[in-house]
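Here's the letter readout for the chains.
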Amino acid sequence: MSLSQAARDRIVNDFIPRYPSKRAALMPSLWLAQEEAGWLGPEVFEEVGELLDLHPTDVASVASFYVMFHRRKIGDRLIEVCENPSCFLNGSDQTYARICDRLGLEAGHGGHGMQTTPDGKFSVRPTECLAACDYAPVVQVDLRFYGPVHEADVDAFLANMEAFSIQGKPSVSMANGPQAVPVDGWEGHAPPAPGSAA
Amino acid sequence: MTASPPPATVTLTVDGHEVTVPAGTLAVEAARAAGVDVPVFCYHPKLSLAGACRMCMCEIGMASPPGQPPRPPAMMTSCTTRVSNGMTINTMAPGALKAREGVIEFLLINHPLDCPVCDAGGECPLQDNSHAWGPKESRFEEQKRLARKGAALSPLVVLDQERCIVCYRCTRFMDEVPGEAELSFFNRGYTSQLRTVGDEPMKSRFQGNIIDLCPCGALTSETYRFKARPQDLDHADSVCGQCPVGCNVMLDTRSNEVARVRPRQNEAVNEIWICDKGRFAHHYTSSPNRLSGPWVAGDGGELRTSSWAEAHGSAAVRLQAVKEKHGGAAIGVIGGRNLTNEDAYALARFAAEVLETPNVDFRVGAETAVANPLAPFGLNAFNTTLAQAERAGAILLIGTDVYDEVPVQWLRIRKGAKAGAKLIVANPRATEADRIAFQRLRHRPGSEVALVTGILAALVETPPVDGEGVARDLSGLSDAIGGTTVEVAARHAGVKPETVRAVAATLAGAKNPLVYAGARLAIRHDAPSLGTALGNLGRALGHPECVNFFVEGANGRGAEFAGLVPGDGGVPAGEIIARAASGQIKALYLVGENILATHPDRAQALAALEAADVVVVHELFATETASHADVVFPAVSIAEKDGSITNIEGRVQRIYQAVRPSPDRLPDWRILSDLSGVMGLGLGYVATSEVTRDLLADIPAYASLGGKLPGSEGAITREPADAGHSDSWPTIAPVPVFEPGDGLTLVTWSELVGNETIVAETPELLTTVPEAYVEINRDDASRLGLVDGTQVEIHGPGGAVERVLRVNGRVPAGVCFAPDNLGSPRINAVARHGVEFTVVTLSPVQEAALIGGR
Amino acid sequence: MTQTPPAADAPIQHGAGQPLPWEPVLMTAVGREGGRFLPDYLLRGGYQGLTKAVQEMDPDSVIKEVTDSKLLGRGGAGFPTGVKWGGTKRNPGPRHLVVNADESEPGTYGNRYAIDADPHGLIEGMLVCCFAVGIQQAYIYIRGENLYGAEVLEHALKEAYAAGYIGKNILGKEGFNVDISVTRGAGAYVCGEETALMESLEGRRAQPRIRPPFPIEVGGGLFGRPTVVNNVETLMCVPHILVRGAAWFASIGAPACPGPKLYTISGHVNRPGVYELPMGTTLYDLIYKYAGGMKRNQKVKAVSPGALACQLLPGTDLNVQMDTATLTRPPHWHPPFGPVGFGAGGIIVYGEETDIVQVVARAAGFFARESCGKCVPCREGTHWMQDVLGRIAHGHGRPRDLGILEDVTRNIGGRKTLCALGDFSVNSVASALRLFRPEFEAYCNGHARSSAAGSGVPVAAG
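Residue numbers (numbering that gives the first Met the number 0), protein chains in the order written: chain A, 0 to 197; chain B, 0 to 853; chain C, 0 to 461.
Think of the hints as simulated: they come from the structure by calculation, not from any bench. The structure presented is a predicted model; accordingly, all values stated were derived computationally and were not measured. Every residue, glycine too, gets a C-beta built ideally from N, C-alpha and C.
If we take Cβ atoms under 8 Å as the criterion, some of the chain C residues that face chain A in the derived model are:
| # | residue |
| --- | --- |
| 1 | Y147 |
| 2 | T182 |
| 3 | G266 |
Below, in silico cross-link-like pairs of lysine-lysine (DSSO-like), each with a Cα-Cα straight-line distance of 27 Å or less:
| # | chain 1 | residue 1 | chain 2 | residue 2 |
| --- | --- | --- | --- | --- |
| 4 | B | K417 | A | K21 |
| 5 | A | K21 | B | K202 |
| 6 | C | K157 | C | K167 |
| 7 | C | K157 | A | K168 |
| 8 | B | K45 | B | K417 |
| 9 | C | K157 | C | K51 |
| 10 | A | K21 | B | K421 |
| 11 | B | K135 | B | K97 |
| 12 | B | K414 | B | K202 |
| 13 | B | K143 | B | K97 |
| 14 | A | K21 | B | K414 |
| 15 | A | K120 | A | K72 |
| 16 | A | K21 | C | K167 |
| 17 | C | K294 | A | K168 |
| 18 | A | K21 | C | K157 |
| 19 | C | K167 | C | K63 |
Take these sequences, add in the hints, and give me the full structure.
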């Protein structure tokens, strides 16, 4: 596995000129290399290093800092389930467990490792907040967001992910436009505002 | 806005003590100045600031502007805070103590506390700081972090990841000092791990320094592991005997053997660094393979052990016979570049007074009798201090790969380059310095004189302008270069005229230009021309003293000063061997020189050894050359010596004996003194101090020392200028242009660590030596149908050797590069001495024809 | 986040006099066909702020206008934007602008929607900044997960280049040249810290730098140049300030930190989402008036007012005004940890069903995984907290754990770490121990609360 000529050209002609230092082209170069191969192999560190005048150890060290760069081969599709509080409160643990179960994987306990199905089709791991908490629980598949995917939705989700896509959709609160509209129906259930004359 | 100049000093209070320090000082250093030691882990004065360990937390209060209420003090890291007037630093504030205790606890929860089996135990900052500042009980009950233990980062450095406290000293060092970012932290946070890509072994020749920097025993030396506890060690101050930089070292010994070598701080020389050769290649000093007792050849020529008296007697009789029959000039003396000044002085006296020969030379392979190519300018061969490289505006490196030749000075050159020096690298092949070079001149091998003449021509075209805007008058220089134009010179050197002009402009525009020429250029046949050219360059730039020639050997400069160079009518070392081979010189006296490996023409060296009536050798080991000797004297190593040594810049430095030698070995000066006594012309020395006394009185360069060896910093010495030098522009004797024809011009060079005798005694270091190789250009490889990584045979006028082929872009077309200290036989087996350039051909080695030879 | 308690001077006024329903300023593109594209942006009055700056104002008066508007940075630290711009400009060029679009704080998602909806609003704000501060190179650093946002921005940049809003001699102004590019992160929360972000942009491991020198100074900014680092939402406010005036902006919401604010609310509310409201809207209004009240009508147990990095507010504190000034001064200030914090306005609401121990254990895990590892208290301390809390949450707590935990939070927090992540990591832990100690004690005494598998409350779809 090594970089295509097109990728090298893009790094040299597009990425490097963007920044005053060659090194700064590293993040886009690693992304490009990962897009080509699905992961980053040792050759990539050497080849990117040569283009950017960096030691391959330096390149690999930078890549290893970021959890989205894969230094091992992963499944064809990467499913990541947010496990941070907003999704957690909405049942993301159960979603994660169900997805693992349906793919024949073990839902790990507290671990953050990645699991891959034996056929190499799917890799699954928990992830941190994806900034789509209004659609909690949120699932990321290959850098696209889906939600809400509750435990009960998992089968439907795995069968047709696009039905759950939230990419480009407005926030839940803005389904009817940008206005922050007071919700009358619920005000009745609200407790009296603290400090108001009760 | 009228900005008043910032105050040069700042006055502040540290724990109640007022102290005045230079503006810009860090709080941690200001505290030190006040006598208060703030504990640190990540902070190191030679590295960039990290602010990572948070150990140096202090309560720091800033003075308020006049009329404002006092600002409350805040917790700050004293290693990242610069002092200001009126600042109060409280290193013992309760908050600071609490923070420090917290840091120690955090560090120890995952540290294995395997101090009883840790090499760092007893000299470990983590241990010391835990003792002083840590909590007195442990309350961590979780699973400790498990990680790699005893993992080899290379054959020389071992990593215990569990001990690592992630202070980034090692990675900062590798990235910032030698600029080899081959070690880095992988992953992040709690899972941070020190690694190399693919767990490849580290290759840097400076990696040993990370062992010294490591504050927690995570990085240890493979060769020193489990060898000693610090309290068992004795220490002796010494100077490294591996290269001319003269790094200050501490020899730590146990049971009268060197257990390890550590750098000793000398800001003028090595700061606090040493290279891996200096650090690890010390096992030869205590090797069982060392010669023990003299050897004398019997009637059949076979060597057998003998008593000192017999050996001295035998050598005396044989040398006397040659001297009487053929005259003193029939004896050639080679050696001295790796001896002490005392040895060198005794050898010079022995040659002049006892042997009465002018044919003396420490410069193995030298083709010119001129020892100092810059003498016509009233200069020494080296005229600056090593530290000046830090402040240079431009540095021209010509004919040297400083990484191999003056390794620790390369670190200083890098420091200079980082501080703004423009590095110009002139070399027929790519060197380490090319990576940070501002300009590169990939000239044809041997065309250095033409190249420098071209730079001079460019300066004549556009003379440098001084501070007042007045152009320097270089009209006389035009004659000195014989009216050569930039175009002609550049064509001869094989470079572009515009590059030559650009380089000249860089040098002319630099505030403090500096020129370093490799030692090999100083001994080549055209060295006088190059010296004239470079001397003129210095004058043209208005900095006559900026030009420097390196020298080979740990004490090459000392040997030069001591007079181990051809005397009146004497011939250089290369010619001594040639004359011995042709029978003109009848006896060879070789002091620590294995000429079969180091003379550029192995066949000639062999012929010389075979033809000579008498060969006397001083050696540590039974080298191949020693096996051809009539008398072999076992000498002592630098670890067993007292005395002094003079480094490349002329700095005289003291060395102290670390190991008591066995009575079967003697210092060279003692061997010579005893031998001279047997020959009836006794030097009469029985103590080192006597030799030191005489050499300080006798040697003109050391007159400035006032009869005393200098203290720990050493002292710069210079040879007095020749009376005859003039202030005009000396004419550069033209050097014919060499046309290589069809073959490849062989360029050789010594790698810092080759498979030399003393390296071989440290197997861990030896395994880092690459397989002997030859390097050619991609175009030549495809033209010749040769494949990278395959075995090839190099054919030259002297013979053929096999090497593994490296095909890359590091050498230009038409050039083939092979290190001369790798492989057996060495590359000197293909060369012929006295031929200007060795032209070789390469052919693939057929599998069936593989008959060893590496 | 500033950690010095401000003097309790002028009392904060509620966004009095604001007509409701609120007229959105920043999210006007939502719901419009092609709202994110240049033609629609122009229809909505786009690039008028820039045009006004370039044609009617000089750079210094732009900075003055922004300063007068009292716009505070929306990323969390709440630094006055105009002051930052002016400070940067006092340092010699070349200078850089970096947009911090690394929004990764759990519970914060306003930037993502803002970029999706109105990328040109951001670009215009950037250009105004570049004009005012004298910047020719601007970079948008967007978190790697938000590929869609990066694509939206790339497209918008192309449109803006083609229309001449970016490039050479913008709007005919001789010498007003700006180039903008997008750099994607790759999964590191710490990149939200401005110096870590710059390290990442420079192609390094995203580990925060020491300060000083500060980003606005030589040696401290991107590529060593003086640099403005602004949040997406901050810059999106700028064109409106120029068009409608600083006085208009300063009159909106809380007087100490005025302007429109994209609140994001999630957790146990019926209608989570982005709400653009005046700065200073009360928590009560946000939850009950806008976010549809609590799921299953439960009471509010606690709130993370600025997402995970902030301290918890008790459910009894709902009349608090949600703004930078209120949440960073007493009584919302708890030594030694400092202010409760407002962050970027990402509000997580925990109903009474919530097992707070589980939530805090989760928060500790997040910070342990996201600690860059550069400095000791954060690297080792976050992991220790994660271990102890994980053990407690799994029912293996011991009575002495809570004392250790509290002391560990004090050894990390209180400005002992290189960047704020250390302080962030202890905020929810320390405040939960303060507010809900009996729940932790129950866990440590073998009486773990029996919620569904100890992992939150499953909620039916829809």
